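Q: Please take these sequences and the hints and turn them into a complete structure.
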Amino acid sequence: FLMERKTHVKVNRKEVMLAKLRKSCSCPPQKLKTFLMDFFPVLRWLPKYRCKEYIWGDVMSGLVIGIILVPQAIAYSLLAGLKPIYSLYTSFFANIIYFLMGTSRHVSVGIFSLISLMVGQVVDRELLLAGFDLNDDAPAASGDGPLQNDNLSNTTAFNLTIVGINAQCGKECYAIGIATALTFMAGVYQVLMGIFRLGFVSMYLSESVLDGFATGASLTILTAQVKYLIGIKIPRSQGHGMLVITWINIFRNISQANLCDVITSIICIVVLVTAKELGDRYKHKLKFPLPTELVVIVVATLVSHYGKLNEVYASSVSGAIPTGFIPPKVPEFNLMLRVALDALPLAIVSFVFTVSLSEMFAKKYAYTIRANQEMFAVGFCNIIPSFFHSFATSAALAKTLVKTSTGCQTQISGVISAMVVLLVLLFLAPLFYSLQKCVLACIIIVSLRGALRKFRDVPARYHVNKVDTLVWVVTMSASALVSTEIGLLVGIVFSMLCIIVRTQRPRTALLGQIQDTSFYEDDLEYENLSAVPKVKIFRFEAPLYYANRNYFLKSLYKLTNLDPNLEAARRKKYEKKEKQHLKKGNHRTANGLGIRETTLQLVPKQIDFQALVVDCSSISFLDTTGVNTLKEILKDYKNLNISVLLACCNPSVIDSLKRGGYFGKDFGCMQEMLFYSIHNAVLFAKDQK
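For this note's numbering, count along the sequence shown from 1 and bump the result up by 593.
Worth flagging that the hints you see were computed from the coordinates, not collected in a lab.
Among the hints, a few may not be true.
[Said to hold, decoys possible] Listed next, with one range per pair, are the computed distances between beta-carbon atoms:
no., residue 1, residue 2, range
1, P1052, D1280, 50 to 56 Å
2, K641, W840, 51 to 57 Å
3, D1280, A1140, 36 to 42 Å
4, L1082, L722, 18 to 24 Å
5, E870, V923, 43 to 49 Å
[Unchecked claim] With a Cα cut of at most 25 Å, we get these calculated DSS-like pairs of lysine-lysine:
no., residue 1, residue 2
6, K1279, K1224
7, K1258, K1228
8, K624, K641
9, K1251, K1231
10, K1165, K1176
11, K599, K1251
12, K1228, K1251
13, K1151, K1258
14, K1166, K1176
15, K876, K956
16, K1151, K1279
17, K1228, K1166
18, K826, K901
19, K1127, K1231
20, K1147, K1258
Fair warning: this is a prediction, and the values are worked out from it, not measured in the lab.
Glycine residues also receive a C-beta, built at the ideal position from the N, C-alpha and C atoms.
A: What follows is the structure in structure tokens.
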């Protein structure tokens, strides 16, 4: 039977576009109100806030995250190559802006190790190109502004117009200038992606690519912190192969290790890892996680201050952290042009991590988020803070898990966390002067446990899917051994190539009938299947397009044990020889057979079927080459008196076949060539004479 297709009304796209344009250009009060409430989701949920039900969980989670945020912000400043004060600014502004614009109730947006590393690599590169010495362990500056030179050896200066005054910009000023320009450009990209609804870009970052990228970047982060752990001064490697070069320099200078830093690092790592393991084991009994990082920082700062570790043992310390806020400044346009390309991968990674975490927790707690609004939120979390000496931000899984485990209900908790950071910014920052850098490195390394544990999952990942494991290994290796940006690009390209290869060489099979049923399956995979007499059933498990056309034909000819082109050529050759013999008056063929026997000889013994059924259930689409391929096999097999029947075609495939003229001009033979199940096609083939 032939099902009747519905008639779809053709839509005038021009009129639709004009109607949408007129609608978007109009601005009635109700539409303006809806736009504002969509752009600032806080206006929707804050008036409905259940204070008695939510406030305790939000305050508790906000305080805990704030306590965790302060030491992490100071530590991650090492990754970004910036002073700790800028990390604190970043954490403060990101929480406030996401509170206003975010649609997720639970994610913690702020400073993130992976994003800090990407910022730091660009900052280091630009400082090196500008002639600054990256390896100076400068003494603490006495002022509280970013415009001072770090020390006398850093004499390189750049003339920048700041607030209308021509001033000389030193290393610290130039570094934060690069970071803010990079952050501003990343935010602009994210907002533009939101305007043009380009969120689909994140679909090309598979789980394997993201995991491999995070693990490779974690190895880079770990490598960059080793010199702080053991207190040696080595050149800060830049460019491709940084990980290998850094380890070579570490082993060359291992004899210069600072014993005080080594002992401090061992103690801190043991304490932090032990506390983390105990916290993970007894997390169901703890109402909130132990603030281990804060305790370690407080104790280490007191020991360093009263033990005078910097003066006596030359242990490297954080130095002065100014209080208050530096006056806002517009990011330099010239610097934006220098880092415009670097900002693109930063924007994509930041957005992808934020949206994926938002969707994960929205699904877990049964509410919805708007991915496009998340794009705007994280974009403005970069654009606005870049005017206040902050750098790029993203959602972080570890802090988000802590947030949910401590009772977070809404983004009010983010405001509480911002207030904790503000307290440090205004009053407590100078107290961290004597904090050793090796302690900060220990906090960073211990925070990488989750990413580094991915190595343990490789066997299980390989068991589930070998191709995804290969994608993970390639992305991780490229991110660690080449660079993070190149690693991300390599991962995306390689994963797409894997998909292309898998569609180029998909599974193919001949099907047999399940006994006493109307169902058919792969006769190489299942037992007790019976072959259908005089009928071959071929399945191709991929779209049929230009890249796999040859593989389709090759597999079909191999499985059916018949190449119609070769058979037709053989018959023509044989007939030609017979005609030559007949012209000579020899009524016997070259094989000594009569003419009647020749007719039998022309039918080869290997052709044991009279119908070929193509199972199209796995063919999602056809391009022009695919349609022509099916027309070709239809013609070739017809020359051998073998009918070709198509089964289980979806509507788009049927439409492609119609447009390509597969069924003829008037579609008169369509019901004899197209079937809605394999069994119907088999029954039809059996009824043919």
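Q: Taking the hints in turn, state whether each one holds.
A: Now the hints, each set against the structure:
Distance hint for P1052 and D1280: a CB-CB separation of about 54 Å, consistent with the stated range 50 to 56 Å. Distance hint check: the CB atoms of K641 and W840 are about 55 Å apart, consistent with the given range 51 to 57 Å. At roughly 37 Å, the beta carbons of D1280 and A1140 sit within the given window of 36 to 42 Å. As the Cβ distance of L1082 to L722 is approximately 22 Å, the hint placing it in 18 to 24 Å holds.
Here the CB-CB span from E870 to V923 is close to 47 Å, well matched to the stated 43 to 49 Å. For the suggested pair K1279 and K1224, the alpha carbons sit about 23 Å apart, so the restraint of at most 25 Å is met. Between K1258 and K1228, the direct Cα distance comes to roughly 16 Å. Compliance with the 25 Å bound is thereby established for this hinted pair. Annotation: proposed proximity of K624 to K641 holds, straight-line Cα distance about 21 Å (limit 25 Å).
A distance of roughly 19 Å separates the Cα atoms of K1251 and K1231; the hinted pair therefore holds under the 25 Å criterion. Pair hint K1165 plus K1176 holds up; C-alpha atoms about 17 Å apart against a cutoff of 25 Å. For the given pair, K599 sits about 15 Å from K1251 by alpha-carbon distance, which is consistent with the 25 Å threshold. At roughly 16 Å between alpha-carbon atoms, K1228 and K1251 fall within 25 Å of each other, so this suggested pair holds.
A C-alpha spacing of about 32 Å is found between K1151 and K1258, which places the hinted pair above 25 Å, so the restraint is violated. As the CA atoms of K1166 and K1176 are separated by approximately 16 Å, the hinted pair is consistent with the 25 Å bound. Using a Cα cut-off of 25 Å, the hinted pair K876 and K956 holds, with the two alpha carbons roughly 22 Å apart. Using a Cα cut-off of 25 Å, the hinted pair K1151 and K1279 holds, with the two alpha carbons roughly 23 Å apart.
Distance hint between K1228 and K1166 is fulfilled; the C-alpha atoms sit about 19 Å from each other, no more than 25 Å. The hinted pair formed by K826 and K901 meets the criterion: a straight-line CA distance of about 20 Å does not exceed 25 Å. For the hint pairing K1127 with K1231, the CA-to-CA distance comes to about 15 Å; that is within 25 Å, so the pair holds. Between K1147 and K1258 the CA atoms are separated by roughly 29 Å; this puts the pair beyond 25 Å, and the hint is violated.
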